[in-house]
Amino acid sequence: METEFRGRSQLRGEHSMLMVKRLPAVWETWVRSCFCMAMRKGWERGTLCNLDGEDHAAERTVEDVFLRKFMLGTFPGCLADQLILKRWANQVEICALVLRQLPPHKFYFLVGYSETLLSHFYKCPVRLHLQTVPSKVVYKYI
Amino acid sequence: MAAPSLPAWLALQTRARTLRAFSTAVSPVTGAPRLGPPTTERTSKHERPPRRKALPPRTEKMSVDQDWPSVYPVAAPFKPSAVPLPVRMGYPVKRGVPMAKEGNLELLKIPNFLHLTPVAIKKHCEALKDFCTEWPAALDSDEKCEKHFPIEIDTADYVSSGPSIRNPKARVVTLRVKLSSLNLDDHAKKKLIKLVGDRYCQSTDVLTIKTDRDCCFFFFQKTEEWEKKKTEADMEEYVWKDSASEKNILETLLQIKSAEKNPELSKEELLSMKEVEDYKNSVVSLKNEGDNENTLSQYKESVKRLLHLM
Chain A
0 METEFRGRSQ LRGEHSMLMV KRLPAVWETW VRSCFCMAMR KGWERGTLCN LDGEDHAAER
60 TVEDVFLRKF MLGTFPGCLA DQLILKRWAN QVEICALVLR QLPPHKFYFL VGYSETLLSH
120 FYKCPVRLHL QTVPSKVVYK YI
Chain B
0 MAAPSLPAWL ALQTRARTLR AFSTAVSPVT GAPRLGPPTT ERTSKHERPP RRKALPPRTE
60 KMSVDQDWPS VYPVAAPFKP SAVPLPVRMG YPVKRGVPMA KEGNLELLKI PNFLHLTPVA
120 IKKHCEALKD FCTEWPAALD SDEKCEKHFP IEIDTADYVS SGPSIRNPKA RVVTLRVKLS
180 SLNLDDHAKK KLIKLVGDRY CQSTDVLTIK TDRDCCFFFF QKTEEWEKKK TEADMEEYVW
240 KDSASEKNIL ETLLQIKSAE KNPELSKEEL LSMKEVEDYK NSVVSLKNEG DNENTLSQYK
300 ESVKRLLHLM
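Going line by line, the protein sequences match chains A and B. In terms of numbering that gives the first Met the number 0, the first sequence is residues 0 to 141. In terms of numbering that gives the first Met the number 0, the second sequence is residues 0 to 309.
This is chain B alone, in the form it adopts within the complex (with noise of 0.2 Å):
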């Protein structure tokens, strides 16, 4: 920082070697040495003589192939002098320009991106590379990545203004796991989906459990006592076997074979018949799959031909 030819050299001489040991002094705080005023610009008391006057803002000593990265090497408030550029920013008085870049406070008060050209970003991913490791090339695919890693795990992390780092929302932790990658039977998958309710999506097969920083992980293939007490109303799926309908159809048939005098055939034999299993078929995917056209018709022809049994 050399200053000009200045009148009066000698007398100011003990004064600016203290405002020198004082410009190279770094802020213990903040660790970085400051950039930009007030350090350019300095007058001296007004009833000094002789004055010094202000120094030329460090615009005018800039090269335009500078290295910008080091004017600007963090997030920093505008420093009109360390800054060459003419902006201009304010609501203008009528018939007037908007305001220079000269103690404007709009532009202290809006975030810059001085610090992020991307000279300074290319410079910045040269020094991560170090640290970082290639993506493993077995892994090229969603399904693959699904494959070999089936559980999800989000946690969030919360920044916010102030000195606490503390904030309750962070202490939430989601699981998402897909039902087909667990290597559940049939019994323990129904029983999982009945206890997890709304947290299973069925058209996504995904099983999401949202909780407070400590997951419970469920044992679903031992069978509970309360299990034994299912009852037709809690099935999920609509089961033939045992159901009323069973019961209807073998009370007819037998009805019908008694009257026609012939009653050798028992239960076993009546349910093996082709009419009925492709009655129960047909019931099965009317209970299941809702009516629509295709089960109804398929219901109508299965009762038609089992009752031409008569």
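Extracted from the complex, chain A is given alone in its bound form (with noise of 0.2 Å):
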């Protein structure tokens, strides 16, 4: 049973000792503070379009949210984390930790598939690079 009561703690963004159930938190769910950013904790996301001066953000971050909802629906179930999108110059590399839910042939062709229909979407290479897991990786438990 979940408390309804928000410490302080909470809402800064924290988990809070408060909830009873022991809940596993993979690495991509379990942030301390605002301070782990950048300190503790690297950034999914890996473009360059949001540095000064540089343009297309807006694109970038609408083609990510897309990618996002298709490698969660496309795989289902198997996501075992949060994906790491990288661009390299017009190429997307799409980095997920999947769980070996399916058998191997239908992994396959799920790539395949993904990477095919993607490139041909944003009109530029995307690239699918899968590792797979027995199971999730727990990093904590809060």
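Each hint can be trusted.
Here are the simulated DSS-like cross-link-like pairs (lysine-lysine), alpha carbons at most 30 Å apart as the crow flies:
hint	chain 1	residue 1	chain 2	residue 2
1	B	279	B	193
2	B	190	B	209
3	A	135	B	108
4	B	93	A	139
5	B	189	B	286
6	B	177	B	189
7	B	143	B	190
8	B	60	A	135
9	B	303	B	273
10	A	122	B	168
11	B	188	B	209
12	B	189	B	143
13	B	188	B	246
14	A	68	B	108
15	B	93	A	135
16	A	105	B	60
17	A	105	B	52
18	A	105	B	108
Simulated from the structure, these hints should not be mistaken for lab results.
Put the two chains together into one complex; each comes in its own frame, and the hints tell you how they fit.
This is the structure in structure tokens:
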């Protein structure tokens, strides 16, 4: 049972210790506080469009949102953690951590299908790199 | 990718065949065969017995003196089953250690340079040597390069994330040239400096023109109508001829001469006198170089000598 009381730590975005359930938290959902950003944890998105003086930041953001939703749907129940999206000149590289829910030939098909579809959609090479893990890698229990 | 001996090998033979066909297929988008997972570790669906065990990672089959550039030929994300290093990364829990490389997102986020080992770079250089020519032996100093190639043109190309190659900043072209290498006479050089204004740097004698792709070239040798209206205030250099100082000194001297009743000297003769020459030089240096001890003392001496005429 969860309590409705929101302590100070929760308002700051930290996990509250008042929750009775012991939830396993994977790496991406763990964040202690805002000072973790760039100090203890990197970003899942590697692109240069947000630097000063660079254009097309909005288009890249929209593309990223779409890619995450697309991958979530294409690999049902298989994604172990958030996607890592990188951009190399005009290539898009998607690094995903997947569980071994599906047989390998189905994985291969999905990889080929998503790569081809996304490349035609975005008119630039999209590469998908999968890494399989037996189960979700738990960082800590909160 | 030979599978080690498995139980019920015959029952799985057909599926294995399909597997091999897929695993050797080359993806048309990437154009490169896939390395590492998920090819080495695979399990079947839970409800189909007998279950296949996951294969050991590729790192266990790697020899110490293998060809590393063939494992990582291009920039690729970190593959824990293909990198035989026990790397750990991540903020540790209390009284714990950083997380292992399997399933580690932090290692995936950062750019890695596993494809740029010294061995790989040597190989690249060897391959590129065929396309390079030697530097010309005659151009062995900076001065020689400047003498033969006085004009320098800078253009910039920009790379950014995204499918578009257009960048408006790429249209800027900068042209740099030393004025001493252009064959301009005095009048042309002064005209040029006046026209370009800020773009000429006096200390380095370099003219910089920055434009948006189309450079204009001025013709400086022609005299234009408006140049004839040049007044004393426009002059860059103090020229003594026809200046107010010259007029003043000539009037003074003529008055002195007429007071002494010695009117034989004319203007040209006055100007050719040595004292007047000295005075002219000192005034010119004062005006052009500014006030410093040398010029002021020079002026003082020349005035004293001049007025001794009386």
